Amino acid sequence: MSLMASADPGVSAFPDGDSLFAWLGTIHGAKGTVYEGLSYKLSLKFPTDYPFKAPLVKFETGCFHPNVDQYGNICLDILKDKWSAAYSVRTVLLSIQSLLGEPNNDSPLNAYAAKLWENQAEYRRVLHKKYSELQK
Amino acid sequence: MVTIMAEAGTLKAWQSFVQSTDKELEASQQATEQQATAELTSAIQKLCAAGLAELAGFHFLQRAQDTVQDPHIKHFWERLIPHSPSKAETDEWSSTFTSGLQELVIVLKRHCQLVELLSRQLLANRAAAAEPLPASLIGLAANYRRSVGAAFSSSAPASLAGILEQHYSNCLKDFSNAHRNQEDGEGELPDSAEEMMGIAYVKRLQTVTTALELLGLEEEAAAACMSAVGRHVRQHLKTTMQASFSCSILDPALAYVDAVPLPFLQMAQLNVAGARKQVELWSAMLGYFVYDTVGAMRIAQFFDMVVDWPDSLPALRDVKECLAHTNLQPHFITSFRIATQQRLLHAGAATLDILTQYVNTIKALKEVDPRGMLLNAVGEPIKAYLRGRPDTIRCIVHSLTDDNADDSLFGELTQPADEEGDGSDDDVEDWDELQAALQWKPDPVEVGMIDSKGRERSLDIISMLVGVYGSKELFINEYRSLLADKLLAKTDYDCDREIRTLELLKLRFGEANLHNCEVMLKDVADSKRVNGNIRNMPRQAMSPLRRQHPEAPLTTTSATIISALFWPTLPEEKFTVPTEVQEQLDAYAARFFVLKTPRKLLWRPDLGAVNLTLTVGEEALDLTVTPVQAAILMQFRARGEWPAAQLAHAVGLSTEALRVRIMFWINQGVLTEARTAAGLLYTRCESLAAGGGGAAAAVAMEEDDAAPTISSAQGQALQEMAVYEQFVMGMLTNFDGGLALDRIHNMLKMFVVDPPYDKSADQLSTFLGQLVADEKLSCEAGVFRKR
Chain X
1 MSLMASADPG VSAFPDGDSL FAWLGTIHGA KGTVYEGLSY KLSLKFPTDY PFKAPLVKFE
61 TGCFHPNVDQ YGNICLDILK DKWSAAYSVR TVLLSIQSLL GEPNNDSPLN AYAAKLWENQ
121 AEYRRVLHKK YSELQK
Chain Y
1 MVTIMAEAGT LKAWQSFVQS TDKELEASQQ ATEQQATAEL TSAIQKLCAA GLAELAGFHF
61 LQRAQDTVQD PHIKHFWERL IPHSPSKAET DEWSSTFTSG LQELVIVLKR HCQLVELLSR
121 QLLANRAAAA EPLPASLIGL AANYRRSVGA AFSSSAPASL AGILEQHYSN CLKDFSNAHR
181 NQEDGEGELP DSAEEMMGIA YVKRLQTVTT ALELLGLEEE AAAACMSAVG RHVRQHLKTT
241 MQASFSCSIL DPALAYVDAV PLPFLQMAQL NVAGARKQVE LWSAMLGYFV YDTVGAMRIA
301 QFFDMVVDWP DSLPALRDVK ECLAHTNLQP HFITSFRIAT QQRLLHAGAA TLDILTQYVN
361 TIKALKEVDP RGMLLNAVGE PIKAYLRGRP DTIRCIVHSL TDDNADDSLF GELTQPADEE
421 GDGSDDDVED WDELQAALQW KPDPVEVGMI DSKGRERSLD IISMLVGVYG SKELFINEYR
481 SLLADKLLAK TDYDCDREIR TLELLKLRFG EANLHNCEVM LKDVADSKRV NGNIRNMPRQ
541 AMSPLRRQHP EAPLTTTSAT IISALFWPTL PEEKFTVPTE VQEQLDAYAA RFFVLKTPRK
601 LLWRPDLGAV NLTLTVGEEA LDLTVTPVQA AILMQFRARG EWPAAQLAHA VGLSTEALRV
661 RIMFWINQGV LTEARTAAGL LYTRCESLAA GGGGAAAAVA MEEDDAAPTI SSAQGQALQE
721 MAVYEQFVMG MLTNFDGGLA LDRIHNMLKM FVVDPPYDKS ADQLSTFLGQ LVADEKLSCE
781 AGVFRKR
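Chains as they are written, first to last, in the UniProt record's numbering: chain X, 1 to 136; chain Y, 1 to 787.
Worth flagging that the hints you see were computed from the coordinates, not collected in a lab.
Please note: incorrect hints may appear among the correct ones.
What the hints assert, rightly or not - Here are a few chain Y residues that face chain X, going by a calculated C-beta distance under 7 Å: (1) T356; (2) G730; (3) M731; (4) T733.
Unchecked claim - Within a straight-line C-alpha distance of at most 20 Å, the following computed EDC-like cross-link-like pairs (lysine to aspartate or glutamate) qualify: (5) Y/K596 x Y/D606; (6) X/K45 x Y/D736; (7) X/K58 x Y/E498; (8) X/K41 x Y/E498; (9) Y/K749 x X/D16.
Being a predicted model, the structure only gives us computed values, none of them experimental.
Beta carbons: idealized from backbone N, C-alpha and C, even for Gly.
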């Protein structure tokens with residue numbers, strides 16, 4: 001487990017409490033996407049046979065996104081069947097960060113969001129409304 | 001009828017018994033004894049025959065008690081009362097007491113005889129009648145004595161114990177005075193105490209004891225006697241103990257106890273000859289008492305004794321003896337801790353004083369308790385306090401390396417460390433170890449109040465001092481800074497003394513730890529050589545291209561060339577070096593480059609020193625100043641007046657920094673400062689202002705140095721912590737609720753492995769405080785949060 005103490009822009013993670021198997025992560029929306037300026041908290045749970053199994057990654061902050069369902073589950077291939085032991089926490093978080101800007105609308109978990117994606121201005125409006133609702 | 005007759009006879013017998021009893025008891029004349037006794041005897045016999053033995057016994061006892069109580073005891077106390085406590089000291093009181101008791105004894109003795117007689121009679125009669133003896137008639141005499149004793153003590157005007165003690169201390173004082181006179185006098189001491197005081201004195205003492213024994217009060221008497229002796233000894237110790245610690249008081253005190261109170265006790269209490277056991281017991285008790293009292297007194301003064309070290313050595317030995325014989329250790333620890341707390345560990349004491357006292361404490365306690373348990377207990381608060389002082393390390397290093405000061409610790413450094421055996425002779429070492437193992441004793445439990453983790457109890461002063469901070473790294477770093485300061489201040493490359501100090505330190509801390517310092521010294525030595533080479537280098541050695549340029553003369557420049565890697569980080573102050581100086585520096589650097597290719601010189605002009613001769617009016621000043629000061633002054637060669645802002649720009653300083661620096665020249669009377677509408681204006685003086693001059697030069701130079709030239713160990717620590725900033729920031733990004741200090745500390749300890757996180761929570765706290773000050777974090781109620 002490479003420790004995320006680096007100064008990577010936009011992603012960071014740290015063990016939650018004294019256990020090394022549960023981490024807290026933070027992702028800031030990438031510049032130039034509708035998610036810019038928003039930040040999301042994630043939880044990462046590592047199975048005991050990590051890194052041979054993918055960690056269980058969930059959004060703790062509700063995320064309006066085609067590939068994220070209302071419970072925060074993420075549909076991302078590298079977290080499922082494409083997982084490789086070469087991935088680290090950092091790469092996983094960076095993947096999720098880029099997923100925010102480039103959703104895979106062919107297999108949506110959130111059909112409404114997928115449909116709305118075509119209209120970026122409207123999408124941005126809904127997204128920010130949902131986001132600010134969550135902050136309250 | 002027969003019964004009535006018998007009763008009438010009995011009645012008569014009773015009356016005669018009662019009469020004779022009264023007569024007997026009141027009679028003080030011994031003459032009538034024979035006759036009266038006969039009368040009493042017959043009366044008793046008759047009563048016994050009538051079966052009234054018990055009644056007779058009780059009546060007799062009752063009467064006897066009443067008589068003793070009413071006239072005799074009452075009288076005794078009444079006689080004593082006029083000599084009330086105010087005059088209690090006088091001899092009169094004592095003699096009244098003694099003679100009164102004597103009279104009382106005579107009466108009592110007689111009564112006892114009578115009681116004995118009675119009880120004998122009763123017993124005889126009983127035996128004749130072959131009847132069992134009623135329990136109440138056994139031990140009549142003892143019974144009687146007991147009740148009289150009770151009556152005696154209960155009727156005393158004050159507490160009996162007090163009166164007895166008074167009496168004994170009066171007697172003891174007489175004895176002690178006589179003893180002192182004897183000692184002071186020329187004559188030899190008499191063989192025994194009895195001889196010295198005369199038989200009358202002994203008799204007087206023993207009368208009292210006998211009387212009290214008769215009254216069944218011997219225990220009270222013994223207690224009173226002991227407490228009188230105790231008081232006397234304490235008094236004696238107090239008066240004989242001098243404030244100075246230059247001589248032992250323990251031995252004289254023990255001798256005194258053997259010479260005075262012990263014989264006194266013997267005289268006063270020992271009627272039965274040959275009770276050696278009792279004497280031994282007393283001797284032991286008195287010995288212990290002396291140890292205890294002297295110990296308590298010395299312990300109260302221990303702080304002063306430490307201050308007076310090593311003149312207080314005899315007194316320290318006293319303490320050692322006392323602690324060995326008593327269990328005063330806990331008292332010692334608390335008492336000394338409190339004294340230290342009150343007298344030393346406060347803001348008013350200079351760090352150097354605290355250090356000196358600490359060193360003295362170590363030395364003194366080494367004397368008192370070679371095993372160092374006490375030191376562990378009392379040294380801890382001092383250590384903790386020293387740790388809290390910012391300048392402790394500096395003071396330690398200064399006093400360790402400065403052999404000029406009186407109270408420096410340089411001497412300690414020259415002594416070999418006792419902990420490091422080189423193992424040159426294995427056999428001998430084994431033997432020593434075996435000896436140590438055989439002499440091992442468990443640590444005393446009293447000292448259990450300190451944690452027993454501090455196992456290594458080396459009493460070596462240096463390691464104790466360095467141990468204040470727990471590690472030698474800090475110490476070595478500080479020494480490095482200090483050494484850097486010293487070496488940079490040198491202009492003559494002479495560092496023999498530093499080398500010597502360093503060698504000594506190397507013996508202590510090992511070669512590897514001081515490697516950097518060694519390189520620093522070597523740099524200076526090399527600089528000397530390089531400097532010489534550069535100056536003497538023929539121009540032909542330069543590259544042809546360079547030879548074409550005219551070269552500035554080098555005679556006034558010399559350099560200390562340091563290896564940046566091995567020196568502590570030196571704070572940099574940027575300023576513009578005047579052109580002519582810069583030319584010289586460049587020329588020097590060019591020659592260095594030729595000599596030491598591919599190395600290049602990077603000048604740090606702010607760390608140098610400038611020797612200059614200044615001519616103001618008719619006077620010439622020879623000064624050594626900092627390069628910045630010199631640079632400022634050089635600007636005035638071309639112009640007589642400089643507005644502050646322009647001058648600051650010319651020398652490349654901020655106006656504030658310029659103002660600080662230029663104060664030196666204003667104080668020297670070389671420049672003047674004037675306020676104009678456009679700001680400050682500095683003007684060159686055409687003659688030295690009064691009051692300025694060379695005398696102030698040295699001071700001014702020092703003042704300037706007060707701004708620390710080398711970042712202290714503290715600053716370095718902060719720099720080291722900066723590595724962890726990212727970790728902390730990353731951590732706090734993910735914990736919106738913020739984290740408490742210890743949580744951050746634990747996390748860092750757990751997760752940061754390269755480089756390993758080895759800082760203390762205190763250091764982290766300082767660092768986080770710095771981050772808060774930089775507005776990177778916020779801190780509320782101990783919880784740190786990202787901004």
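Going down the list of hints, with the structure as the test:
The beta carbon of Y/T356 comes no nearer than 46 Å to any beta carbon in chain X, farther than 7 Å, and the hint placing it at the interface is violated. Restraint check, Y/G730 versus chain X: the minimum CB separation of about 5 Å is within 7 Å; hint holds. The interface hint given for Y/M731 holds, since its Cβ lies 5 Å from the closest Cβ of chain X, which is under the 7 Å cut-off. Because the closest C-beta pair between Y/T733 and chain X is about 5 Å apart, less than 7 Å, the hint holds.
The suggested pairing of Y/K596 with Y/D606 is violated, with an alpha-carbon distance near 23 Å, which exceeds 20 Å. Distance restraint check for X/K45 and Y/D736: the Cα-Cα separation of roughly 19 Å lies within the 20 Å cut-off, and the hinted pair is therefore satisfied. About 64 Å separates the Cα atoms of X/K58 and Y/E498, which puts this hinted pair outside 20 Å; it is violated. For a cut-off of 20 Å, the pair hint linking X/K41 to Y/E498 is broken: about 59 Å separates their Cα positions.
For the suggested pair Y/K749 and X/D16, the alpha carbons sit about 14 Å apart, so the restraint of at most 20 Å is met.
In summary, the structure is inconsistent with hints 1, 5, 7, 8 from the numbered list given earlier, while agreeing with the others.
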